[in-house]
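Protein chains in written order, with the working numbering: chain F, 23 to 455; chain C, 23 to 455.
Heads up, some of the hints might be wrong.
Straight line, CA to CA, 25 Å or less: simulated SDA-like cross-link-like pairs of lysine to any residue [claimed, not checked]:
| id | chain 1 | residue 1 | chain 2 | residue 2 |
| --- | --- | --- | --- | --- |
| 1 | C | K56 | F | E394 |
| 2 | C | K56 | F | Y374 |
| 3 | F | K56 | C | Q427 |
Calculated directly from the structure, the hints in this document are not laboratory data.
Protein chains: 2
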Amino acid sequence: MTQDATVQEKITEESRSVYAHARDGLMSMAEEAKVAQRLLATSSGALRAQLLESIAIAIEADRRAILAANQIDLDGASDLTAAQRDRLTLDEARIGSMVASVREISRQRDVVGEVVEGWVLANGLRVRRVRVPLGVVGVIYENRPNVTSDASALALYSGNAILLRGSSQALHSNQAIVASLKRALVKVGLPTSLVGLATETSRDGAIAFMRLGEAMDVLIPRGGPELIATVRSQATVPTIIDGDGNCHVYVDEGADLSMAVAIIENAKVQRPGVCNAIETLLIHASIAEPLLRLLEKALPAVEFRGDERTRQTCQRAVAVTEDDYAREFLDLILAVRVVDSLDEAIDHIRQYSSGHSEAIITESFGHAQRFEREVDAASVLVNASTRFVDGGQLGMGAEIGISTQKLHARGPMGIAQLTTTKILIEGEGQIRC
Amino acid sequence: MTQDATVQEKITEESRSVYAHARDGLMSMAEEAKVAQRLLATSSGALRAQLLESIAIAIEADRRAILAANQIDLDGASDLTAAQRDRLTLDEARIGSMVASVREISRQRDVVGEVVEGWVLANGLRVRRVRVPLGVVGVIYENRPNVTSDASALALYSGNAILLRGSSQALHSNQAIVASLKRALVKVGLPTSLVGLATETSRDGAIAFMRLGEAMDVLIPRGGPELIATVRSQATVPTIIDGDGNCHVYVDEGADLSMAVAIIENAKVQRPGVCNAIETLLIHASIAEPLLRLLEKALPAVEFRGDERTRQTCQRAVAVTEDDYAREFLDLILAVRVVDSLDEAIDHIRQYSSGHSEAIITESFGHAQRFEREVDAASVLVNASTRFVDGGQLGMGAEIGISTQKLHARGPMGIAQLTTTKILIEGEGQIRC
């Protein structure tokens with residue numbers, strides 16, 4: 023007996039009909055998506071750009087219906103925090119941003135068919151590695167309804183079908199947006215099954231979504247640690263994890279203090295609730311006192327949680343805990359630690375980093391090189407704010423997430439990361455000796 | 023309660039001590055490997071080449087001990103088929119090949135640190151994507167003891183630690199080879215924990231190996247369908263599947279028949295037991311008769327299994343079944359089907375292909391283009407033998423496997439596929455507006 027059978031047995035014991043029903047529905051949705059995707063895979067970039075323009079027009083035209091659906095979701099969602107409610111809420115401006123994002127994606131250079139590398143062998147065979155769509159992309163996400171249109175535009179533009187599984191709180195909003203997407207598909211003569219929305223929003227439904235096996239080519243979960251843990255232990259689909267951002271700035275001995283203050287302020291305060299904001303500041307002991315005095319003035323709204331040496335200078339700081347170092351505050355809170363060397367800073371980062379983005383502020387060429395080489399993170403920055411780690415900011419185009427895993431995609435994931443490659447080998451009758 | 027807990031609960035009920043013991047042992051092995059790997063990640067290419075030379079010397083020096091250990095394995099393995107016994111057997115010549123492979127890998131250009139792409143942003147930030155090792159690579163495989171040295175050389179040369187889990191039948195051979203690898207590591211001053219061999223070779227041990235979570239960065243299973251299915255349903259480590267090769271050749275209307283015969287003969291007969299050999303031949307109806315007459319003469323040792331139209335011409339052919347089309351014979355058997363169009367050939371391939379390698383023989387530019395575009399496989403060939411789909415043959419260096427999945431690596435996996443990338447961003451104080 024396979025363990026897979028064990029898992030399913032357990033699930034069906036608990037909730038036989040929900041899981042089985044969700045699985046059957048999702049399986050047919052995925053199969054239809056795969057058939058439809060073949061058409062898109064060989065379509066022209068012009069048609070895919072036209073599809074995105076058609077989506078932009080449809081969302082604009084349907085904005086009242088989308089807002090009305092969103093109101094139903096907001097009315098039905100009683101136990102949300104203010105931040106969660108904010109993420110769920112749509113308004114004219116936010117719909118405008120959704121439309122603008124779709125149009126922006128359609129202006130990116132097409133990646134389908136791109137020749138990644140190519141060479142000719144001694145026997146005359148011509149070899150090329152070319153980009154092709156992944157196939158059926160699954161996205162499992164939480165409250166933000168704009169993910170529905172953003173992720174769909176990225177997936178479709180790169181030639182993929184997409185299966186969406188949002189939260190139960192956002193179901194009406196997502197259904198309304200998906201209705202617009204399907205109208206747009208019809209407009210350009212493409213099958214509506216290129217976009218599928220999972221409407222069974224229970225936990226069993228989520229697990230069925232993750233366990234579609236080969237019917238889904240990749241699953242991108244966007245959500246909190248609990249979702250990620252479930253995906254890690256349950257998914258039978260290959261996944262790309264969009265993980266936490268427990269990011270650090272280390273200010274080295276001899277660093278330019280005004281540069282340090284500007285970068286720390288930008289990386290902590292500009293938008294504290296995002297993954298590329300910093301959570302912990304590491305300071306070399308030799309400059310701790312002057313830097314902390316400057317930071318106290320520059321960051322009046324930030325709560326400092328410091329180690330003993332930090333608190334000697336920074337009266338405002340409360341005592342930091344082990345747990346603070348390990349957390350992503352997503353708030354105006356900054357953990358601070360004074361270290362005696364670059365090695366100590368790198369060790370701290372190694373212990374607590376989530377592998378998202380790590381920065382050093384230094385004037386030392388050697389220390390910059392060592393930090394770049396020894397810190398194991400998707401992005402490593404020297405004398406720049408971690409807030410730049412974003413597909414748009416880095417000139418890589420809109421992103422479907424920021425991968426903190428090592429396989430397939432690491433860092434911002436845009437349309438190129440929604441493709442795989444195929445090797446084309448052309449000859450005139452060559453055989454192997 | 024997570025499903026992970028459910029799985030473990032089930033396992034521990036069945037075999038608490040085996041699973042728990044294996045898991046604890048593997049977890050410490052993986053943790054030690056990760057610590058040691060940090061050293062290798064920042065080592066010079068020269069040191070890694072020196073390590074491989076040291077491995078070659080150690081295996082050569084220890085060949086008697088390795089052969090003696092192999093003899094113990096052979097004596098202990100009673101219920102093996104001839105082919106399985108052959109795969110398990112080592113002799114002087116095979117040890118010579120193992121040594122030669124290690125040396126060949128050490129002559130490849132180093133990939134660690136390679137700048138994959140790079141650009142400068144309008145704000146002056148300099149962005150580079152550079153190759154870095156994946157970290158801890160796991161390989162789970164069956165009888166061939168040469169995989170132990172091949173996979174280790176590829177992983178170590180690309181800066182990774184490696185955890186190996188071979189079959190119980192090959193345990194003594196693998197232990198002897200790993201002892202040589204560890205002696206070589208000591209010789210060049212590197213920690214022996216860079217190579218780990220799992221000695222708990224039960225099924226529970228295998229499952230514990232697959233469920234190491236974040237302690238292992240990638241798992242490459244090399245084995246039959248049962249192993250792959252277990253990995254798909256059990257693994258919590260990201261995997262790269264080295265899948266089956268159910269490969270096809272389609273001979274198009276108007277194809278050069280002598281070219282077709284040469285390629286079919288090469289792709290079927292040269293080495294029928296490997297994944298890049300063909301299993302099914304598709305022939306356009308217009309040339310079926312002359313081609314089959316030529317093939318009957320050219321392939322005297324091959325058993326033909328044909329559809330009705332094939333059997334009209336080819337008296338020797340037995341009736342083909344649905345199951346034959348779906349199988350990888352790995353033998354001198356060829357399924358044959360006569361089709362009426364390129365579309366029918368592509369449909370057949372879509373239905374039965376394992377996504378490894380697919381070839382067309384054609385004189386039509388348009389048909390070649392369509393076949394390349396519409397066939398969804400890791401490698402697509404025009405007028406060339408599928409036997410070229412091999413890292414060495416394609417000039418991509420020695421391979422750790424041939425991926426039939428779409429994520430991270432597709433097609434032959436060499437040292438470049440054992441790396442990930444890291445984005446380096448350098449500035450002089452830039453902050454985000």
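Comparing the hints with the structure gives:
no., hint, result
1, K56(C) x E394(F), "holds (19 Å)"
2, K56(C) x Y374(F), "holds (15 Å)"
3, K56(F) x Q427(C), "holds (16 Å)"
Checked against the numbered hints given earlier, this structure breaks none of them.
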